[in-house]
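Colleague: Construct all of the structure, not just a fragment, from the sequences and the given hints.
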Amino acid sequence: MTATRVDAPPPELRLPKRRGVELCLLIGAVLIPVCGYAAVGLARNGAVPPDVAGYGGGLGLLALLAHLAVRFRAPYADPLLLPIAVLLNGVGLVLIYRLDLETPEDQAAPTQLVWSTLGVALFIAFVIALRDHRVLQRYAYLSVATALVLMTVPIFFPAVNGARIWIRVGGFSFQPGEFAKILLAVFFAAYLAANHNALAYTGRTLWKLQLPTGRVLGPIVAIWLLSVGVLVLERDLGTSLLFFGLFVIMLYVATGRTGWIAVGMVLAAVGAFVVGSFEPHVHSRVEDWLDPFASIDAGQGPSQLAQSLFAFAAGGMLGTGLGLGHSVLIGFAAKSDFILATAGEELGLAGLTAVFLLYALLVARGYRAGLALRDPFGRLLSIGLASILALQVFVIAGGVMGLIPLTGMAMPFLAQGGSSVVTNWIIVALLIRVSDVARTPHPDPTGAVAPVMEDES
Amino acid sequence: MIPCIRRAAAFCLLLLVALLVNAARVQLFEADELDDNPANRRATLARYEQPRGNILVGDEPVTGSEDTGEQLAYERTYPHGPLYAPVTGYASQTYGTTLIENAEDDILSGTDPLLAPLPLWNEFTRGRQPGGDVVTTVKDSAQRAAYDGLGGRRGAVAAVEPSTGRILALVSSPSYDPGRLSGTGSAVTDAWAGLTTSKSQPMLNRAIRQTYPPGSTFKIVTAAAALDSGVVSDPDEPTDTPSPYVLPGTSTVLPNEASGCGRASLAEAIRVSCNTVMAHLGVEVGLDGMVEAAGRFGFNDSGLKIPSGVAKSNFDTEMSDDQLAQSSIGQFDTTATPLQMAMVASAVANGGDLRYPHLVDRTTTHDGDPVQRQGSRSYRQAMNPATALRLQRMMVDVVENGTGSNAAIEGVTVGGKTGTAQHGIDNSGTPYAWFISWAQERNSGRPAVAVAVVVEDATANRADISGGGSAAPIARAVMRAALDG
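For the record, the sequence lines run as chains L and U. The numbering of the first sequence is this note's numbering, which starts it at 1 and goes up by one. The numbering of the second sequence is this note's numbering, which starts it at 458 and goes up by one.
Since the hints were derived computationally from the structure, they do not count as laboratory data. None of the values given here were measured: they were computed from a predicted structure. Just so you know, even glycine gets a beta-carbon here, dropped at the ideal spot from N, CA and C. Fair warning: there could be bad hints in the mix.
As the list claims (entries may be wrong) - Partner residues aside, some chain L positions facing chain U, computed with beta carbon under 8 Å:
#1 153
#2 157
#3 252
#4 253
#5 349
#6 352
To be verified - Listed below are several chain L residues computed to face chain U (Cβ distance under 7 Å; list not exhaustive):
#7 48
#8 56
#9 57
#10 309
#11 367
#12 370
Modeller: Quick look at the structure:
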């Protein structure tokens, strides 16, 4: 590797803390959902909802507490991360509240608000308690063990809508796979940080591609089997795709070997093809994707995907306005997997683009922190966490818009789902932490991050 | 590691671009196609999520909208039931719309761009306007008089204001309650099945969509043709009609119902309704002259719209002389809608200037601001003003001294013409009773109303059916109502 010179960060750069910028952005991030909430009320009842001040105040208080935690415990953190998370979560609450109006017997917004509060609380707890992300490196194997347990447990619970990804106890439902994402990212980062040199050794060369040696092929095959296992046992194409994509990206970043990518792609393609052809649940999703209107032609009415496409189309450039669309026609999962269709219909292509750009910005700031960090674990962790968000947005947004086969997955922050929103807040907390470490000026460049020097030899 | 991170970031950027391009595909390029997909219920939902604008008679709405709380929220109501069905038509969530509900649907449903205060801006924001109102020309008292006069017998009444063409009454009987078709579900489909298969055809708008042989009422058209063409120069001079009259080129003798028709004058022939004289005059005028004259009254016009389409009234353009003779007394292939015959009476009353009949006076926004006003316009000059004056005298004579005495109104100038039309194979069907008339206040310079009534009463004693007996009293009631206020 020749990147040593490039990798070393400029030692004497004094970065501003930018907490004031964050506070200003937070005000906007709170005001936009509050306006959206008022707009829904105006569109539906011709009056601003009476509790708009309470709602705004509550969201503002949460944002302020989070901001204070960051200000005192991670003063150099990236100022964009928290406002984007608050804004997306707020917009998500508005969209869910708006859909609740169509389904009076099923109110999801209050629950989502509780989960969001819990998410922010955990965010604050993580920012305060986790002073240095490298602590996590020690718990790599505990993480992976926990992740495996979390992913295995739902197999013993009854399938919900075809996928075994839920644990239901009483009226309380919980998706453990969501937390497993973070744990796996931690494990991958730790494993790859420790072994990337070994993994970078090349084996045979097959037509321009340098294949890895058989000895180090083990882990990737294990992960691949894990993904396929998730796919088959839990019938959850999305999570499987996410885990595998995450692993391939992190492996590539750690080793720089395109051979890994090739092997990964081939394995993924084979796995997807085999499962897509033979597993009926996944197979029907692929069929739907190939022809979303087949059920209409067959006289069975529009499929969910067709309804979702109708919703996006109805939005056009500027959307119908909050509260004025008919995305509820999608029916089941309109508030969770298909929440983006409501955004697309009521906010239009303009609003949807804004939402996508917010996600892109969030991912970009994660990558930025990864570039600025000097320890391989932190670097891989931030890349991994950012990639989770990027892949997840792509998989579900592409799915509901007919770009790729639809897989059940929560749109980060927007979608209804407690485990998801809590997980995303933890991801943002970790990104805040790593970005703080990345941007904190170090008087002695060789002191705090000494282990980094063994990185590129 | 850094180049790899950059490449991974580039990959994420690629995913973003793919999402944005795909979003543009769905939301912009394929949007119209998706919007128009028959399985997409948005257009239907939008149509029924606000109350539909109303159709007004005078200042009173004769329609309403009711929030059912169902997915298709607003349903049409018709507080007057069958009375205004031939005017409004129905607006059904299941079966679409007809008549004014159909012709003015853009206004009523709020999609007409003219309803928006700022049309271009509205196109941009895609806001939907509240449904506008349609004000009809119908006069409630005249409509009720006609409806009550028919009293459920099969038939139709059309009344127009001769000086403007405003339609004052449009009644078809038996009628139906369009409210039964408004919603969705089995009650509606059952009602539809019942109405469409009923023998009495309640959903047929007889006033504008059914043509009848006009019988003797058509003699007004023939008389106008004879006077205009110069075949008759003095209506009181005896004609050279042979008696008995044998249809040209045949050995069939055309009978007269009335006596004293031998060589009767035109005026006398109209007063007592002589078949022979009028058939003879029709042949004298000739095919081209008769077709031209009938056309000036609106016959053979398939494009007449009030704004709903009116069935074409027919006068054959290719006939032998014996057929022409029969056609000139409203038999053979000659058919007319009741509205057409009201137009004939209207042209006579208005000095030959036939005004275009119309049912919609104006459309307004929800708040009552005018959107479009239907002004009075000329249809055609149906005859010379001098001819019209002579025909007016003859028609008044019919009411005062002839077959139409049942239509006379104290203190009012009333002109009329009766008709009894044979139909069916060998004229075996029950004859239709016709009466066309107009009325003018003595002190007024303008005629107030022209009416056509047809009664196809299958249950009555055949001998009782005559224009003067069955139809004239209805015409009288309608004229009375139209004259008042």
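Colleague: Under the criterion of a CB-CB separation shorter than 8 Å, is residue 157 of chain L in contact with chain U as hinted?
Modeller: violated (32 Å)
Colleague: Holds or violated: residue 349 of chain L as interface residue toward chain U, Cβ cutoff 8 Å?
Modeller: holds (4 Å)
Colleague: Using Cβ atoms only, decide whether residue 56 of chain L comes closer than 7 Å to chain U, and label the hint accordingly.
Modeller: Check failed: Cβ of residue 56 of chain L comes no nearer than 26 Å to chain U, outside 7 Å.
Colleague: Holds or violated: is the Cβ of residue 48 of chain L closer than 7 Å to a Cβ in chain U?
Modeller: violated (19 Å)
Colleague: Is the shortest C-beta separation between residue 153 of chain L and chain U less than 8 Å?
Modeller: Hint violated; residue 153 of chain L Cβ to chain U Cβ min 31 Å, cut 8 Å.
Colleague: Checking hints one by one. Is residue 367 of chain L an interface residue toward chain U, by the C-beta closer than 7 Å rule?
Modeller: For residue 367 of chain L, the interface hint holds, since the closest Cβ of chain U sits about 5 Å away, which is under 7 Å.
Colleague: Using the nearest Cβ pair, does residue 309 of chain L come within less than 7 Å of chain U?
Modeller: holds (6 Å)
Colleague: The hint names residue 253 of chain L as touching chain U; please verify it with the least Cβ-Cβ distance against 8 Å.
Modeller: holds (5 Å)
Colleague: Verify the interface restraint on residue 370 of chain L: the C-beta must sit less than 7 Å from at least one C-beta of chain U.
Modeller: With a minimum Cβ separation of about 6 Å from chain U (threshold 7 Å), the hint on residue 370 of chain L holds.
Colleague: Would the hint on residue 352 of chain L be counted as holding, given a Cβ-Cβ threshold of 8 Å to chain U?
Modeller: Where the cut-off is 8 Å and the nearest Cβ of chain U is about 5 Å from residue 352 of chain L, the hint holds.
Colleague: If you take the shortest Cβ to Cβ gap from residue 252 of chain L to chain U, is it below 8 Å?
Modeller: holds (6 Å)
Colleague: Under 7 Å is the threshold here; is the Cβ of residue 57 of chain L close enough to any Cβ of chain U for the hint to stand?
Modeller: violated (31 Å)
Violated hints, in rising order: 1, 2, 7, 8 and 9; the structure is consistent with all others.
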